[in-house]
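Here's the letter readout for the chains.
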Amino acid sequence: MIESGRGEASDEQLSRLLESFRPDLLRFAFWLARDRSIAEDVVQETLLRAWKARNELRKTSAIRPWLLTIVRRENARLYERKRLPTVDLDEVIASQDVALALNDTDPEIGDLRRAILALPDDYREPLVLQVLGGFSTGEIAKELDLTVPAVLTRLFRARNKLKEMYGVGAP
Amino acid sequence: MTHDEARELIGAVPGEASAELQAHLKTCPECQAYRDEMLAFDAKLRQAMELDWHKIAGTAPPGGPMPKPLAQESRPAPNAASADPDAPVRAKVTSLSAKARAPLAKHTRPRLFALAASVAAALLVGGVLWLSRPPESLAAEIVTHVEGEPHSWEKTEPVTAEKLDAVLRKSGVNLGSGMQPVVYASSCWFKGHYVPHVVVTTKDGPVTVMILLHERVNAARQFNEAGYSGLLVPASTGSVAVLSRTPMDLDKPAANVVHALETAGPAPR
Numbered sequence: 001m002i003e004s005g006r007g008e009a010s011d012e013q014l015s016r017l018l019e020s021f022r023p024d025l026l027r028f029a030f031w032l033a034r035d036r037s038i039a040e041d042v043v044q045e046t047l048l049r050a051w052k053a054r055n056e057l058r059k060t061s062a063i064r065p066w067l068l069t070i071v072r073r074e075n076a077r078l079y080e081r082k083r084l085p086t087v088d089l090d091e092v093i094a095s096q097d098v099a100l101a102l103n104d105t106d107p108e109i110g111d112l113r114r115a116i117l118a119l120p121d122d123y124r125e126p127l128v129l130q131v132l133g134g135f136s137t138g139e140i141a142k143e144l145d146l147t148v149p150a151v152l153t154r155l156f157r158a159r160n161k162l163k164e165m166y167g168v169g170a171p
Numbered sequence: 001m002t003h004d005e006a007r008e009l010i011g012a013v014p015g016e017a018s019a020e021l022q023a024h025l026k027t028c029p030e031c032q033a034y035r036d037e038m039l040a041f042d043a044k045l046r047q048a049m050e051l052d053w054h055k056i057a058g059t060a061p062p063g064g065p066m067p068k069p070l071a072q073e074s075r076p077a078p079n080a081a082s083a084d085p086d087a088p089v090r091a092k093v094t095s096l097s098a099k100a101r102a103p104l105a106k107h108t109r110p111r112l113f114a115l116a117a118s119v120a121a122a123l124l125v126g127g128v129l130w131l132s133r134p135p136e137s138l139a140a141e142i143v144t145h146v147e148g149e150p151h152s153w154e155k156t157e158p159v160t161a162e163k164l165d166a167v168l169r170k171s172g173v174n175l176g177s178g179m180q181p182v183v184y185a186s187s188c189w190f191k192g193h194y195v196p197h198v199v200v201t202t203k204d205g206p207v208t209v210m211i212l213l214h215e216r217v218n219a220a221r222q223f224n225e226a227g228y229s230g231l232l233v234p235a236s237t238g239s240v241a242v243l244s245r246t247p248m249d250l251d252k253p254a255a256n257v258v259h260a261l262e263t264a265g266p267a268p269r
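Chains as they are written, first to last, in my numbering: chain A, 1 to 171; chain B, 1 to 269.
Treat the hints with caution; some may be incorrect.
As the list claims (entries may be wrong) - A short list of chain B residues far from chain A (calculated; beta carbon distances all over 10 Å): (1) K163; (2) V183; (3) Q222; (4) G238.
Stated by the list, open to error - Ranges of calculated distance between the beta carbons of each label pair, as one might list FRET restraints: (5) R216/B with G134/A: 20 to 26 Å; (6) G110/A with E30/B: 28 to 34 Å; (7) Q222/B with A53/A: 37 to 43 Å.
Claimed, not checked - Below, a list of computed lysine to aspartate or glutamate pairs in the EDC-like style, where the Cα atoms sit at most 20 Å apart: (8) K161/A with E8/B; (9) K163/A with E30/B; (10) K203/B with E157/B; (11) K163/A with E5/B.
Calculated from the structure, these hints are not laboratory results. Glycine included, every Cβ here is placed at the ideal spot set by N, Cα and C.
Let the hints inform the model, and build the full structure from the sequences given.
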């Protein structure tokens, strides 16, 4: 059972804690899957798996990276093993619900969101892990089964591509 | 280190600078300018990724189709707030997209649904409790976070100006020169945002400061939680939390930080 630093967390406390991460996990899953419904499914499955495996978690401070790792693996499982059709990016961006979320009072942010969605998976995934997930390059390398130099290269190229698409221009 | 090597490192991890890179930056204004540009770009990138999920979720059709076995096992809870986590309540189950429905359908065995029902019930009850939590829970979350970094209290050597600057800039915070000496500085993920978590030394002992740009409080509030004394005060943007492990007057360190935030203005983007 989890130790929060103040003794063991009860199941009720843990369920509250897990639920509190849902918006965070949904955002993360959305940027990976680029599909709202799949993101919701992935997060639902993630929370179920986390609940079943709660004894593996030692400290509540480690819960966020643990959950994000499950989200990433669930998403990969859905796409790789179940062979889901590739997301049609134009469809995603054009769908009304996603369009609403991509828009922002700052139009530059909306443009940047669309640029992130257009990034190839190989670049988008490490970038999301780093920027939104807070993973270090070493952790990303382990998670994606890459070398650290390969991760650094992908992150560098991801930012360059984004800057090109976003209109800032390559450095 | 060559310019190309420096730029690849900066472009990959703008918020970090090894000793070798720092040495290069001191002698290369072009690469320093590139780093400043990338840090500003990264702030926008973080802002862009912080989607307001409710804007998406809010447009979803109300209550998607519930898988039959779960629907049969579920019924409304008489009192969700006080219900046992394992009590049968109507679980929130998201509808499966057309793309995902077929592959996931293979998982829909009764045993899984039984498990899903009890877990989802627990999560739903937890969610209700979470949403109805009192504002005081912010203090508890701050304490829980600080408890996760016990080493922060043991630091005695001042952090470098570069380190502190990087931590503050990551969250868009500018303190000018208004908070010294800082012996610990970390950019921490807290309630959906990166926030500066620093420890400053005072004559009464170390004090933890968390600058919470996204958490508003209406008035200053003292709290005592798990052996920590704390003070949460409103700031021009968001709020500031200060904590100590021993009872002490936290008004002054809190006021110093609030004053520094107000006089320094917004961080350059």
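Here's how the hints hold up against the structure:
no.: 1; hint: K163; in the structure: holds, 16 Å
no.: 2; hint: V183; in the structure: holds, 21 Å
no.: 3; hint: Q222; in the structure: holds, 20 Å
no.: 4; hint: G238; in the structure: holds, 18 Å
no.: 5; hint: R216/B with G134/A: 20 to 26 Å; in the structure: holds, 24 Å
no.: 6; hint: G110/A with E30/B: 28 to 34 Å; in the structure: holds, 31 Å
no.: 7; hint: Q222/B with A53/A: 37 to 43 Å; in the structure: holds, 39 Å
no.: 8; hint: K161/A with E8/B; in the structure: holds, 13 Å
no.: 9; hint: K163/A with E30/B; in the structure: holds, 18 Å
no.: 10; hint: K203/B with E157/B; in the structure: holds, 15 Å
no.: 11; hint: K163/A with E5/B; in the structure: holds, 19 Å
In this structure, every one of the numbered hints holds.
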